[in-house]
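Between the sequences and the hints, there should be enough to build the whole structure, so can you do that?
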Amino acid sequence: MTAADRPGNDAPPAIRIEGVTKSFGGVPAVDGVSLDIARGEFFCLVGASGSGKTTLLRLIAGFEAPDRGRILIDGEDMMGKPPYARPVNMMFQSYALFPHLSVADNVAFGLEEERRPRAEIRDRVAAALDLFDMGGFAARKPHQLSGGQRQRVALARALVKKPKILLLDEPLAALDKKLRERAQLELVALRERVGITFVMVTHDQEEAMSMATRIALMRDGALCQVGAPRDLYDRPQSRFAADFFGAANLFEGRLTASATGARVECREAQATLAVSGGDHQGGDVSVMVRPEQIAVSRENPGQANVLAGPLANIVFLGNSYVCHVALESGKAVQARLSPVDMARLGPLAAGDRVYLSWPPAAARVLTS
Amino acid sequence: MTMAAGPARGLRRAILGSTGLWLVAFTLTPFLIVLAISLTGPRLGTPPFTPLFDWGEGFWPRFNGTLGNYVTVASDPLYVAAFVSSVRIAATSALITLLIAYPMAYAIARARESVRLPLLMLVILPFWTSFLIRTYAWTGLLNSNGLINTLLIKLGLISQPLTLLHTEFAVHLGIVYSYLPFMVLPIYAVLERLDWTLLEAAQDLGARPFAAFRRVTLPLSLPGVVAGWLLVFIPALGEFIIPDLLGGSDTLMLGHVLWTEFFSNHDWPLASALAVVLLVMVLVPSVLAYRVLRRAEVTS
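Read top to bottom, the protein sequences are chains A and B.
For the first sequence, the numbering used here begins at 114 and goes up steadily by one.
For the second sequence, the numbering used here begins at 65 and goes up steadily by one.
Hints listed in this document are in silico derivations from the structure and should not be mistaken for laboratory results.
Where a beta carbon is used, it is the ideal one built from N, C-alpha and C, also for glycine.
Hints may be right or wrong, so weigh each one.
[As the list claims (entries may be wrong)] A few chain A residues that face chain B, going by a derived Cβ cut-off under 10 Å, partial list only:
#, residue
1, Gly-175
2, Phe-222
3, Glu-225
4, Phe-250
5, Arg-270
[As the list claims (entries may be wrong)] So the derived label-pair ranges between C-beta atoms look like this:
#, chain 1, residue 1, chain 2, residue 2, range
6, B, Asn-207, A, Phe-137, 50 to 60 Å
7, B, Pro-283, A, Asn-432, 43 to 53 Å
8, A, Asp-246, B, Trp-260, 22 to 32 Å
9, B, Met-185, A, Pro-195, 28 to 38 Å
Laid out in structure tokens, this is it:
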């Protein structure tokens with residue numbers, strides 16, 4: 114948790130979204146969203162396409178007006194404020210660099226609109242370009258730059274105005290994989306250096322988890338879960354969240370509490386699964402176990418939560434192996450093993466009977 | 065070059081060759097004939113100009129050409145005035161056309177996709193009637209006892225009919241009316257392809273809507289404006305029918321002067337010289353515009 118997450122901050126949050134709803138042609142794109150984003154956060158909005166994450170970003174930027182609810186930036190109501198009057202700047206997915214202007218003129222655009230003195234504009238543009246190692250490209254036109262260079266010019270153009278909040282709409286989507294990984298680290302480092310609030314939209318859950326201080330998962334225009342990356346991965350509150358962040362094994366069942374702890378009668382696994390924690394209500398639930406929490410063995414380890422079945426196949430991923438095991442009920446379970454664990458098991462072939470097990474604390478009960 | 069692309073290359077050559085042949089037969093040859101005639105002198109008879117070459121006693125023919133017609137064109141106040149007023153009328157009409165066409169093209173480009181095509185069809189619709197008839201129809205509207213004057217008198221706004229027909233105003237009106245689609249279409253074509261997120265980016269960087277238009281939309285639509293300007297200015301410069309039908313005796317335009325020299329005065333050489341000068345005047349802005357378009361194309 115960062116300092117920004119701690120309650121009791123007197124200053125208003127960088128962004129406060131209060132019950133915001135926005136529909137397009139009667140179809141809600143953002144539906145009753147309330148959210149506080151603290152100063153200095155690297156906040157990620159994630160979700161599938163059509164989940165409303167980009168609309169929410171555009172509402173903050175002022176390109177769309179909410180049908181209901183309001184948005185406050187630094188405590189100030191943004192109602193009726195057009196994009197050019199908001200203390201935010203946006204980096205567009207397509208970068209939206211002006212093709213007829215040079216790199217320097219692109220970066221100077223916002224300062225010229227502020228009617229800054231000529232000398233100040235020149236200095237700040239030069240400083241912004243230097244920050245991104247683009248000083249040597251000031252006279253180039255955008256079409257003469259590579260994708261990565263364009264991305265850096267777009268960042269320089271958005272940051273040169275010293276906004277309170279930088280909005281990033283899929284800022285890395287147009288880069289190839291290698292460049293993207295480097296740009297992720299650069300963005301995180303950049304946020305620490307400039308110290309302002311970043312709000313980023315992405316559809317890539319790994320990108321969100323590796324970069325964000327907090328993540329809001331969106332689904333059908335509503336917030337599904339908000340929390341730190343570890344929270345969303347280790348303690349998802351819904352099947353959707355569990356499935357969205359990484360791989361998950363889900364077992365449907367009926368929760369019963371007993372003196373020895375909570376148990377889930379699971380027809381799919383033809384077993385009773387032990388789960389930790391006693392604050393569960395009875396009823397239909399799902400038990401989620403991450404593949405890397407599941408141990409694979411040839412002998413029955415003789416503990417709680419043991420399932421057995423023939424090995425369907427092994428997928429080699431370079432840094433790990435994924436074993437797919439078919440239970441008698443037909444339910445497929447996957448376990449992720451490190452190369453070390455795999456070597457310890459010895460040679461395995463499809464059809465070999467194996468035992469899967471996990472400690473009760475590794476399982477998570479999902480009620481929705 | 066390889067022989068592998070033989071048949072395709074043959075087809076390419078045939079297409080390029082036929083285009084070249086067409087240009088030589090119907091553009092270059094007539095121009096050279098006009099250029100040759102412009103260097104001769106007038107005479108009564110057939111043809112009504114003196115021969116450019118004399119086959120005298122020597123081996124080589126004697127060249128009889130003279131630049132006298134060009135001197136006349138450049139020095140006679142009538143022709144100079146005709147050139148000046150042609151450029152003025154063509155330029156102001158093209159400017160008025162631009163001021164009307166740009167908002168139209170912008171509105172169509174920003175309209176819902178389903179209504180864009182119908183709106184464009186409405187712009188093109190007048191072309192389905194003959195240009196001559198449409199121009200002639202304006203005389204009926206602009207006459208002193210025409211529709212407009214009758215209406216204004218009936219409404220009590222004026223007591224005497226206004227002189228609308230046979231004025232420079234009518235000529236401007238005719239040019240703007242006839243050439244409007246030529247300005248709308250190229251501007252629309254550019255605006256329709258414009259990336260509107262660029263405008264959002266401009267607003268995000270602090271530009272009010274008009275500043276965003278001036279600094280982003282307008283420069284990026286310049287190729288369409290230049291193309292539209294050329295498509296209106298060039299034909300308007302040599303326009304004959306509109307000033308003939310709607311203009312007055314004091315409306316001097318080159319097309320009309322040229323026609324008079326050719327058909328009334330039978331001075332083919334002078335008419336040819338006028339035509340050559342007109343062509344050069346058209347070429348200069350075309351080349352300049354071509355450069356602007358080339359530069360714009362490189363950046364987009």
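Consistency of the hints with the structure:
Nearest Cβ of chain B to the Cβ of Gly-175 of chain A: about 8 Å, under the 10 Å cut. The hint holds. Below 10 Å, beta-carbon pairs count as interface contacts, and Phe-222 of chain A has one with chain B at about 5 Å; its hint therefore holds. Proximity of Glu-225 of chain A to chain B holds as hinted, the smallest CB-CB distance being about 8 Å (cut-off 10 Å). Violation of the interface hint for Phe-250 of chain A is found here, the shortest Cβ-Cβ separation to chain B being roughly 15 Å, above the 10 Å cut-off.
A least Cβ separation of about 7 Å between Arg-270 of chain A and chain B falls short of the 10 Å threshold, and the interface hint therefore holds. Look at Asn-207 of chain B against Phe-137 of chain A: about 53 Å separates their beta carbons, and that is inside 50 to 60 Å. Our hint of 43 to 53 Å for Pro-283 of chain B and Asn-432 of chain A holds, since their Cβ atoms are close to 51 Å apart. At about 31 Å, the CB distance of Asp-246 of chain A to Trp-260 of chain B agrees with the hint of 22 to 32 Å.
Checked against the hint of 28 to 38 Å, the C-beta distance between Met-185 of chain B and Pro-195 of chain A comes to roughly 35 Å, which is consistent with it.
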